[in-house]
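J.: Keeping their order, the protein sequence lines are chains V and U.
1 is the number of the first residue of the first sequence in this note's numbering; add one for each residue after it.
644 is the number of the first residue of the second sequence in this note's numbering; add one for each residue after it.
One or more hints might be untrue.
Some chain U residues near chain V, calculated using beta-carbon distances under 7 Å [to be verified]: (1) LEU699; (2) THR701; (3) ALA703; (4) ILE810.
These aren't lab readings, by the way, just hints derived from the structure by calculation.
Even for Gly, the Cβ is constructed at its ideal location relative to N, Cα and C.
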Amino acid sequence: MSSTVGPTSTLAPGEAARETLDRAALERVWSTPPGFLGWLTSASHKSVALRYIVTAFGFFALGGVLAALMRLQLARPESRLIGPDLYNQIFTMHGSTMMFLFAVPVMEAFGIYLVPLMIGTRNVAFPRMNNFGYWIYLFGGLMLWTAFALDIGPDTGWFAYVPLSGPAYSPGKRVDIWAQLITFTEIAALVAAVELIVTTLKMRCPGMSLNRMPLFVWAMLVTAFMVIFAMPAIMVASTMLAMDRLVDTHFFNPAEGGDALLWQHLFWFFGHPEVYIIFIPATGFVSTIVSTFARRRIFGYPAMVLALIATGFLGFSLWVHHMFAVGLPQLGEAFFTAASMMIAIPSGIQVFCWLATLRGGRIVMRAPLLWALGFIALFVIGGLTGVMTAAVPLDLQLHDTYFVVAHFHYVLIGGALFPLLGAVLFWLPKMCGRMPDERLGRVSFWITFVGFNLTFFPMHLLGLGGMPRRVYTYARDAGLTTGNVVASAGAVVLTAGILVFLANVAWTLRRGAPAGDDPWGAETLEWATASPPPSYNFAYLPTVDGQAPLWSTQERPVVTGLRTDVREVLITDGVDATPDHRHRLDGASVWPFLTAVAATIGVVTALFTPWGVTIGSLLALVTLTGWFWPRGAPAHETVEQRP
Amino acid sequence: MSRAAIVVAAVACAACSGRMPVLDPGGPQAARIATYWWIVFWLSALILAAVVAFLLHTLAHRRVAAAPASLVEDTRVERRLALGVAAAVGLTALTLVVLLVTSVATGRALRSFGGTDPLTLEVTGYQWWWDVEYWDPVPSQRVRTANEIHIPVGRPVLVKTRSLDVIHSFWVPGLHGKKDNIPGHGSSLVLQADRAGTFIGRCAEFCGVQHAHMQLLVIADQPEVFDAWLQAQRRSAVVPTDAFARHGFDLFMTGPCALCHTVLGTPAGGRRGPDLTHLASRRTLAAGTLPNTVGHLAGWIIDPQAQKPGAQMPGNAFGADDLSALLAFLGGLS
């Protein structure tokens, strides 16, 4: 057996020297080449994930500026600060940026950073593809924002309903740019999803059977599967839209036998799961943070896992609740109302289990927990307004009003951004080796919490007062002024809270106190290695004997016998995580970057001519040939050896 | 914190529901929806209060003794927690069943409302105004108007919605929920006003640059007032006898106006823009963008893009005298 699992967690005196040698060898093999080239070629899940996170927060800042501009415009009735054309671009860019360039990527990035550490392995399953995904994501974002800077930003909403987004009513390139952004996003998200699924199912350290997997890893697994099933719908839809616009097909043109409703079904079959793709990882953050600071395992682990899986399935059965105003047969109404309400049950189970965990634990109040607790309150509000909009009769009034804007910001900011900011504070010590400031963490929480409620709570009332979404102004006598003024003032407070938070992060990176391996006394494996973790994550891959390995008083044996002169990892069984074989991972390479460039050239050229597809394919053929050209290891040195 | 928020919300709702059309229903359809709203609102408030109270209580009574995390759990405590979670999940499921049944019942009531002799009108959404046609079996008795709907109090109104360009959504929150106008798909809703008054309606689906200025007014009158109004709307316009207004008439017919607008009883038969046969009888201009006064109408004719940037109507370079004549003609279209 090549991987010897033995009781060797405390190394004998002679073996301490061996560990030092092994670490040096591992560092040589796993480290990313220095300099600009290393930046382009990195095959480390950690450096790619950190880049992803920083980029995503960059887009978050840009999306936030757009939100501030909208609040500025709406702060007064009949304001002429921003004209309708620019306003429409702004809200389209805000939605597209926050959904496609911030929320989904940042969650996947946390998965890419944390999953290999949490499951005790050295890297993700396809490190080069991982790098490719990042570049595609970055290029897609740059394309979108370059277009916006040139006043050709998309202006038909992040949902781009046809026929408005079709060739007849949106001439020019604006919608084409949106459709191609979807292409970029699809590729990047699918790459990350495949990455996470294979890594999770095949690379868990010995002993980590599925029923011992940390809840965050479960959350990312469910999310990744949702990405794989949701993305094809939007891929088909955006391609059909691009074809309608570029080569005169008539998929969505009612005058030629096409159907405008087809778009809505395809879009929301993706669009609704998308919300859960953002929300489910956030529940993983909350479970981790709550368990750590309640000083006990999460209450009802099996129920939590089943709730996650149930959410994953149910998330696909309620897309029609975005289309109630279209008019449905009665049976359809009842079905989709029932499905939309039913999803409150798994969400409820999770909330109750978190509350039970807190109740049964010994709570240590620290800033990350504060963000998680804020999440619980805000998410309950967002969930309840979700149940309100799930009922067809009430939704006919609330749909497409500011009530819905309030609802989904409670779900997305309260339900995903709050846990995310908590997660940033929580894992920052692991990522940079320094502790964030506790007081700034709390202050930023309270400012953000107050600012958030001040901004978004009045929007419920604006919706009931008859204010539709996506209007660039409202009449002086419409009775909507007070609510809008409060919301705009709240946005100032909210921005201040986020800025204090970012200041805390900046301070931590430069001045934070050294963190040590496990500053929070947490339970999962990423805290069993140095902060920041070495390039190879663990000198010897760990093993686990339960759900909370670091809280176990048992000795944890380690895996020895993996080669240190090549990038070798241990592949284990998908269910029980018993060792199966050794596998050599690819190292740094410039080809993923070049392939991303080739794909980008193809996709951007396709904005102007269908030949872009051909050009991009030929370029990709060249770069993929380079990527997969057999080199290095002779064929007989099999990469995979059965133990 | 959040409990305070919900109290504030409840007070705010109670305080200004008079100004919130969704919660201040003017007819049976909107009233049914408002009833459902109050059921789900109070249940939600209760649930939120319970969760937040439990959370605060837990935090207030937390065991402060710092201890290392432990994997050993007290089975008695665990059993109590399990019971609590099970009860909470059961209550959640029960609440949802209640809400589902109520919702389906409300939906059924909304759907079956109608009666045997509703007033029928067809509302077509355009970028960015509403075309309204009162249906009648006799074609000459049909009435076409724009951006303003008059209905009789106490009689159901069947509104058939459609669109010929992009998706719009017909929404009069004081009377009913919204219904999308989707090109290639017809749909309808039945509403009724139980009191006389003016209800503001608007397009609720994003439909392009001037989505914000796509309003309509629904004016509910006593049946006899409504009948008189309908009768008046059936009349064609007459060519003005007054020389000044006659000059305005000529300008309208020979200038760009007639290409897009209809004035019944005259050669103007354009269908690109709103029917102007009874323009002077309406309260607003440009789908609720401006009040219908001479000054606003003059400004609108000269430079619509200043008031409603992106609107389909181009600017018109009329001289002062011509403009006055045109306004005199339009002012006579009552």
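J.: Please go over all the hints and tell whether each is borne out by the structure.
T.: Hint-by-hint comparison with the structure:
1. Contact between U:LEU699 and chain V, as hinted, is not supported at the beta carbon level, the nearest pair being about 10 Å apart and thus beyond 7 Å.
2. Interface restraint check: U:THR701 against chain V, minimum CB-CB distance 5 Å, threshold 7 Å, status holds.
3. With a least beta-carbon distance of about 11 Å to chain V, the hint placing U:ALA703 at the interface is violated under the 7 Å criterion.
4. Against a cut-off of 7 Å between C-beta atoms, the interface hint on U:ILE810 holds, since the closest Cβ of chain V lies about 6 Å away.
Hint compliance for this structure: hints 1 and 3 are not met, and every other hint is.
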